[in-house]
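> Each chain is listed here by its residues.
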Amino acid sequence: MNKTKPVVIRKPWLSGIWLLPLLSALIGGWVLYQSMIEKGIEISILFDNAAGIREGKTPIIYKGVRIGVVREVHISKNLQQVNVIAEIQRAAKEGLRKTTGFWLVKPKVSLTEITGLETIVSGNYIRMNPGEGRSQRDFIALEKPPVIDDYTQGLYIDIFAEHLGSVSRGSKIYFREIPVGEVLDYELAETQSGVIIKVRIEQRYAHLVKHSSRFWNASGLSIKAGLSGLSVHTESLAALIAGGIAFYTPDSKTKTTHDVVGNGTQFELHKDFDSAKVGIAVKINFASAIGLEEGVTDVKYDAFKIGIVKKLSYTKNGTNVIAEVMFDPRATSLLKTGTKFWLDKPKLSLTDFSGLKSLLQGSHINMQVGHGEDSREFVALNKPPLMLAGEKGMHLLLKAESLGSIEYASPILYKKIQVGQVHDFKLDKKGEHVLVDIYISERYAHLVASNSRFWNTSGVHVNLGPSGLDIKTGTVDTILTGGIEFITPDLKHKKVKNGAVYHLYKDYDAATESGLIGYKQDKNTQLIRITTEELGSLAMGTKIYFKKIPVGKIVHYTLSDKRDEIIISAAISNKYQDLITSKSRFWRNSGLQVKADLSGVDVNMASVHSLLNGGISFANIESSVVTKQSDKQVYPLYQSQQQALQQTEDIQIRFPLAQGISKGTAIKYLGIKVGEVSRVELTDNNQAIIAHAKLFDSATEFARQGTRFWLLAAQLGLFKNKHLDTLIKGNYLEIEPGHGQKQTHFVGELNQPEIRNGLHIVLKSPSLGSIKVGNSVSYRQINVGEVRSFQLSKNAQFVLIDIYIAEKYAALIKNNTKFWHASGVQVDFGLFSGAQVRTESLENIVLGGIAFATPDSSAVEKEDNNQVFELYSSVESEWLEWSPKIALAD
Amino acid sequence: MGNKPVSALRQAYLCCRVCHKTLPQNAQEVVQCPRCHTQVYARIPHSLAQSWALLISSFILYIPANVLPIMTLNKAGVMRTDTIISGIINLANIGMQPIALIVFIASILVPLLKMFGLALILLAVQFNWQRNVCLRTKMYRMIEYVGRWSMLDIFVISILLGIVKFDKVASVDIEPAALLFESVVLLTMFAALRFDSRLIWDDINE
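For the record, the sequence lines run as chains A and B. The first sequence: position 251 = 250 (numbering that gives the first Met the number 0), numbered continuously. The second sequence: position 193 = 192 (numbering that gives the first Met the number 0), numbered continuously.
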């Protein structure tokens, strides 16, 4: 019906949507292609046993790189083998050829090598060794790793042996006991008459193998038993256990260039070191054949076996024995004209462990290397030679009571350094003494003078006595083998000639007269003398300490002339000489000192050494008159540091009875300990006791006429607890100093006397509050007095409190001084100011007390005794701010 | 069949695809829906060609999606790479046949049915087959409905990928096939979407 003209829209021939299938095809194709590329090559490997192979996990490794993985493991149709399907990366495709080897790597732990340890964690893996030939996909696994592994460089040689011995695959090849290669494989020789051992020498050692090289079986322990002992010859421990092959290349004088060994060269394997005949033949002339045995007796240098006696024969005249010795080729440089040989017989000693071996092995020939031309013929000594350059030293004779543990070649020590050795010993003609012939080497000969003292340092001297344990040793060596030590007090002394005779003392103390000899002339020390009543743990060598640093030691002690004291001589090294003054005080280090009381624990420990050994310490007390110490001065030795350092005044106080007074009872002045009762004894008539006491330091001034002593003991009561501390600390003596003449004898009182000194004042208060007798009166929280008594006023209107202010502080009390109750805690709350807590000292809080303050004005008359003051119940803050300057009485 | 169906288009009516408003066909090709301002066509333009293109793309990608591995499961060092089919077989082998069946239906059967069903419908429209119109319509509805369930595999993999992350002990990695399979599913869904179902019966009864 509609006559509208049709609109013609030309459709494009192909819609853009058709690009989509194209794109899909491209993507799909590319992804497929990629996966084809990445997908490895499937190969099958036939294993006899697939233990440890896991599908999807066990990798194929080449040169340590994972090149594939086991995909499937099937059992073969005949159930005899396992077919492992593995996927190998395409990159390794070239390696998959006819001779390619696959083998399973498992952990191997043996004494000589540990391989495949990583497989313990990662599991076993299959290794590949690429081969040649045409491409192949089916393989049969190798039972063991192939000989040539990963084309390792090196020298490949064959060694022909009669028997395999303990050589096995992996056995090492040793050159001078260093492994330089290993046995790769072995097989029967074609003739079936022997074994061919395939050996690889590492590239860097390949040059060591020459055509002249001799190989011998270094496997295991070779033991030859004989009457003179056993011949034990081993290579390194690894070779001992795992077997091995050693070789040696003799030095060829003519270095020919064609003497380079190529791969595949054949060598012969000798049975052992001897049969390899790699040695240097040397003839040694011995006086007798005792201890020598063919093929057994070794030649040792410095405990190393370097040769062996091959043959023994008599000289033509039959007097001597010629030992033909085969030396290790390395010994060439040792065989000079000056070289000496002697037969070392086995001896058992504690220090020489090789001696134990020689006991098993029999005697061996020892040697000392000399200088000169090369030589191949020697004459053996019949006993060991002396020390080096023995001719030029000094020989001395020591006369001893007995030989002790001295033996041949025992060392001679000077200050613990070996300067010579015992050369010989014999009895003197009468057979009374032993004459020890010692030799001092030339460079130390000057240490010997006519006053030298020799003693035997052999062994350990243990001296157990009441004074303690005293152990003296020489060096460790001399402890075990014995030795002789000497000192020369004065090196300038007359020199001695060869052959001089000395006495050999049995020990150090005997030789040095308790050590005095050694220090008499010593310029580096200074001798001081200390007297003591008993020696105690002190001994020779006990150290002297200054501030716990050792500065000297006791070198000597002796009884005094009167035989009532011991005089100790101590050597102080010069470095510390200035520490010794006339005011030096010495005391015993008695180790640990623990002082405990209510004021704490005080532990004083000397150095650990002195703790164990005892010791003497000293310090210098302060004094205006310090003089240099004079040689004549003799210092007393105090029992303790405290005693030593205190200036004391000995006094005697007579008491009617001794209740509460004993040794150690303190003497206190104003609460401070100023002295101590040292001894309590009865008077002659037994009517009273006399307390011997010491006043310390400044308190020595109290030993004057007028000074009073009284005993303070705890007083308990509902309103009267006093001196409670004495319950714990013990009673003590209170002192009130006098001002009279010096006096040392006093009469003590058992009760507190009326104190006359000081200021008595009376406070009046509407109520007593918590005030008790004995409460403190404090000024700025320092106790300056105490409450003595209280009573009602006559009209019962007030309480009158009698207080006492110590004389020293009396000046603090002025007419306008304010007193208040200092008891308890005062807490103020305010909405805006917050809380304010003010307390007196803790003692006041608990016991109550009185505090006072004096206004900040100086022009106020001083108070008289018994003046009455008001006692306020609380403090006004204004009072607390007062801080007048008041001169206190001295 | 006394009452022959007469389509709206034949009666010069268009239907808005968005709000389903029925509009009279205008002289102009392009009509705008007065209600939702969508352009209203008689039939989706190029519907058949677009469906074909998408369907063919999905067929092409379906091959690598099934040949290549879909995911790698690393369990304590043992790597296991699975394609869809090998995964299903593995599931069945370890005794989880019901799950294997579900995965098989969702991953193999449904996509295949969908693709071939769609192909059948497209062919029928293309070559103007007259039979079984009703069946084809029902088939189309079913294809459109069931299409999203093919995503099951992808869901499983993506959940595993997120959850199983224990480094060396166990981990899951996706492989290229997952992406390809995803593409296949999407492409078939789009193919079904672009196909205008009205084309099925447009040319019958002529």
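Misleading hints may appear alongside valid ones.
[Claimed, not checked] Derived pair list, reagent style EDC-like, types lysine to aspartate or glutamate, alpha-carbon separation capped at 16 Å:
no.: 1; chain 1: A; residue 1: K425; chain 2: A; residue 2: E441
no.: 2; chain 1: A; residue 1: K771; chain 2: A; residue 2: E735
no.: 3; chain 1: A; residue 1: K693; chain 2: A; residue 2: E675
no.: 4; chain 1: B; residue 1: K74; chain 2: A; residue 2: D801
no.: 5; chain 1: A; residue 1: K414; chain 2: A; residue 2: E376
no.: 6; chain 1: A; residue 1: K398; chain 2: A; residue 2: D423
no.: 7; chain 1: A; residue 1: K38; chain 2: B; residue 2: D201
no.: 8; chain 1: A; residue 1: K817; chain 2: A; residue 2: E877
no.: 9; chain 1: A; residue 1: K38; chain 2: B; residue 2: D81
Keep in mind the hints are simulated off the structure, nothing from the lab. As the structure is a prediction and not an experimental result, all values here were calculated from the model.
> Hints first: check each against the structure and report whether it holds.
Verification of the supplied hints:
no. : hint            : in the structure
1   : A:K425 / A:E441 : 24 Å, violated
2   : A:K771 / A:E735 : 23 Å, violated
3   : A:K693 / A:E675 : 5 Å, holds
4   : B:K74 / A:D801  : 97 Å, violated
5   : A:K414 / A:E376 : 42 Å, violated
6   : A:K398 / A:D423 : 12 Å, holds
7   : A:K38 / B:D201  : 51 Å, violated
8   : A:K817 / A:E877 : 11 Å, holds
9   : A:K38 / B:D81   : 14 Å, holds
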